[in-house]
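Engineer: Next come the chains, spelled out residue by residue.
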Amino acid sequence: MSAEPMVRAERVHKSFGAVEVLRGIDLEVRSGEVACVIGPSGSGKSTFLRCINHLEKISAGRLYVDGELVGYRQRGNRLYEMREREVAAQRRDIGMVFQRFNLFPHMTAAENVMEAPVQVKGLRKAAARERAAELLARVGLQGRMDAYPAQLSGGQQQRVAIARALAMDPKLMLFDEPTSALDPELVGEVLDVMRRLAEEGMTMIVVTHEMGFAREVGDSLVFMDEGVVVESGRPRDVLTDPRHDRTRTFLSKVL
Amino acid sequence: MPDLHKDAPASPTGPGRAETGPPPEAIRAVPVRHYGRWAGAVVVLVLLGLLVWAFVNADIHWDVVGDQLTYHTIVEGAGKTLWISVLSMLLGVVLGLVLAVMRLSRNPVLTSVSWAYIWFFRGTPVLVQLFLWYYLSFVFDTVNLGFYKDEMNDVMTPFLAALLGLGLNEAAYMAEIARAGILSVDPGQTEAAHALGMSGAKTMRRIVLPQAMRVIIPPTGNEFVNMLKTSSLAYAIQFEELFRAGETISSRNLAVMEMLMVVSVWYLALTTLFSIAQFYLERRFARGSHRQLPPTPLQRLRSHLGSFRTPSRVGKVTI
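In the order they appear, the protein sequences are chains W and G. Position in the first sequence counted from 1, then plus 5, gives you our numbering. Position in the second sequence counted from 1, then plus 164, gives you our numbering.
Isolated chain W (complex conformation):
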């Protein structure tokens, strides 16, 4: 295993106008690790996730993915903003799954999965479709290649979204509350897919409210509140024996 962690955050700050949402995040996620991030709403966990693939620009600190600075180039002591093309190139290696799925509604499941490989990587359509079939089968949707998102259940849509992200062969997957918009009986099918993905060694950062998933699948658990990491460690330790009062109060409400 390389010494360089997949994600390294050093005193990351982020403000929206006068509101400081992230107030100095320090975090490391090793390659192959599954890190679950929990915390009350408004704690900045989703914002932090969005900073990792530069959907949000950080205001201070440093954020590295696979040893590369996110969104900037450093020459000497100076930072240079990356051009749009370079940012896009960085994002190619980072898959993201959204709370509200954000599938492209005018494309079928297969077309959703094919879109980025064809448009971004220049893969031939036939090859991309073959690969889409493979990925959709992997998430248990082999028969639904030509269904439009509106014809799929929430759980099926989220599984297509996961297949769509996997199509770019990412080295890191970000999950932003992937099951929060789902009916309770559909949560399991999405978590199952994520569990398999973790078992295959994918590096994952999962913002979630699913404590069971965090306990069973997570290698580490991070509790965030008011823009800082309050505590982190092995999920079992954090969940059963939290060191901070704030963690204890939060867990007493959700467990």
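Honestly, the hints are just simulated from the structure, not real lab data. Idealized CB from N, CA, C, for every residue including glycine. Any given hint could turn out to be false.
[Stated by the list, open to error] Derived pair list, reagent style DSSO-like, types lysine-lysine, alpha-carbon separation capped at 27 angstroms:
| hint | chain 1 | residue 1 | chain 2 | residue 2 |
| --- | --- | --- | --- | --- |
| 1 | G | K366 | W | K126 |
| 2 | G | K244 | G | K393 |
| 3 | G | K366 | W | K176 |
| 4 | W | K130 | G | K393 |
[Stated by the list, open to error] Derived DEER-like restraints, expressed as beta-carbon distance ranges:
| hint | chain 1 | residue 1 | chain 2 | residue 2 | range |
| --- | --- | --- | --- | --- | --- |
| 5 | W | A155 | G | P382 | 16 to 22 angstroms |
| 6 | W | K130 | G | R448 | 17 to 23 angstroms |
| 7 | W | G81 | G | G287 | 51 to 57 angstroms |
Chain W is fixed; fit chain G onto it per the hints.
Structural biologist: What follows is chain G alone, placed relative to chain W:
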């Protein structure tokens, strides 16, 4: 590749507890009588009858209307009306899209120029704009584009003046329609495309615009119907479109009302034809927005015919 998805065990679904005994009697009640509806229908029908009676007895030479309907000057005029409307609309749509993207850009110069364009072209009458183009030679006697140079009088034909007047005016309206369409697309779509590594231009072309089209097309169709009719204003700058063709003939045969009717029939035919085309266009861009597309009139007809014999299928629904 391993299967990431484990099938959940099928939940036991037994039949629900069925009702026993004979079903209850179907309801047969006396329906409410709507006397007001009957009265309303009678009043409207009587008024309609009077109107028809008035026209039948009016001094109208219906034979002239019939004869002139297919007269070559009229048919050519209708052709020109359609042609100038399509070209002006094309110019309007393309330029309108450009203006909309400019308006939404983060470049303050582009935003203000787009704003000023819309302000001017929406704020002055089309008729005035048509004359402004037509009389351009009064202030510029030559056109000099560097690679091309000519007398303005020769360049600014009624056709070009009509195209520029109608097209550039339309662009201002189309810009607002396109802007509303682009803004209607969920920002999550752009984020998802960016997260996949797509560039801004590609995201606009592949993800945002196709979805914006659903919002853009209905008002655009409306604009085109308007354009078919507004193009009649170009008669004032000597453009030989449908209305002018009718006027030319009526100045000779003095059948003023008859020619206006001929012209009206043609305008109605053009707008009706287009409305049908619009239906199919909207249907095409509705892909993915409904679980199932509504059947076209043809499909509906076929299904009705079929229902006399065997159950037929439209889409996935058995009728």
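Engineer: Taking the hints in turn, state whether each one holds.
Structural biologist: These are the hints, each one checked on the structure:
Our distance criterion of 27 angstroms between C-alpha atoms is met by G/K366 and W/K126, whose separation comes to about 13 angstroms. Note on G/K244 and G/K393: the hinted pairing holds, with a Cα-Cα distance of about 12 angstroms set against a maximum of 27 angstroms. Taking the CA atoms of G/K366 and W/K176, the gap is near 23 angstroms; set against the 27 angstroms cutoff, the hint holds. Of the supplied pair hints, the one linking W/K130 and G/K393 is violated, its CA atoms being roughly 45 angstroms apart against a limit of 27 angstroms.
At about 19 angstroms, the CB distance of W/A155 to G/P382 agrees with the hint of 16 to 22 angstroms. Between W/K130 and G/R448 the beta carbons are some 21 angstroms apart, a value that agrees with the proposed interval 17 to 23 angstroms. Against the hinted window of 51 to 57 angstroms, the Cβ-Cβ separation of W/G81 and G/G287 comes to about 53 angstroms, which satisfies the hint.
Checked against the numbered hints above, the structure breaks only hint 4 and satisfies the rest.
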